[in-house]
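Asker: The listed protein sequences correspond, in order, to chains Z and S. Whatever position you read off the first sequence (first residue = 1), add 20 for my numbering. With my numbering, the residue at position 88 of the second sequence is 79, and numbering never jumps.
Just so you know, these hints were derived from the structure itself, not from any lab. A couple of the hints might just be wrong.
Claimed, not checked - Using 35 Å as the maximum straight-line C-alpha spacing, the simulated DSBU-like pairs for lysine-lysine come out as follows: (1) Z:23 - Z:93; (2) S:70 - Z:122; (3) S:71 - Z:23; (4) S:70 - Z:36; (5) S:71 - Z:122; (6) Z:90 - Z:122.
The residues making up each chain are set out below.
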Amino acid sequence: AQKITQTQPGMFVQEKEAVTLDCTYDTSDPSYGLFWYKQPSSGEMIFLIYQGSYDQQNATEGRYSLNFQKARKSANLVISASQLGDSAMYFCAMREVQGAQKLVFGQGTRLTINP
Amino acid sequence: SQTIHQWPATLVQPVGSPLSLECTVEGTSNPNLYWYRQAAGRGLQLLFYSVGIGQISSEVPQNLSASRPQDRQFILSSKKLLLSDSGFYLCAWGRQGYSPLHFGNGTRLTVT
């Protein structure tokens, strides 16, 4: 069974600093996708970035990058130059690519950006 | 472009009353559809998923059921709500393969 672990319940960062949110995963499938979502206080789930298990390069999307270390089974999210609007819950998730292709979530990290 | 609609946004229901939450997707065909529940400050728990019309799989035995009467319509129901059914319910759709799931805006359900 797939499992996602986020060990940081909360993070506090000064505005404009970079922040790394940790995520480790466990799966026996050779093919999978890793995702990060942002959930602001309004509750919507906003897709940020994706990494495929066979991708050779780390994914980047604007200020977001995914530090993918396959051997360590980690997929950390790096946010550069943090902004006040980055304050939210962040969820790491894994999607199997067989069968129902369910998305399994970690427990999330609450990120607070201080001015 | 694809959009997903979920309603209502908030709902307060007494214990023992029925429930019906609806989710529809536009701009795509034969999507995989999912219902998740999120307890306060927690991660998302998958409740049901569907890979086609009339095909429903349940992840967690509970007081809820789901139906997919049309290709792009997914309904979450209960005949009698329990206090423990309170939570934030999110519908999502996704294509086959590595693509992300896209979520509706959610329904905040309070059972009193």
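Asker: Which hints, by number, does the structure contradict?
Answerer: When the structure is compared with the hints, only number 4 turns out to be violated.
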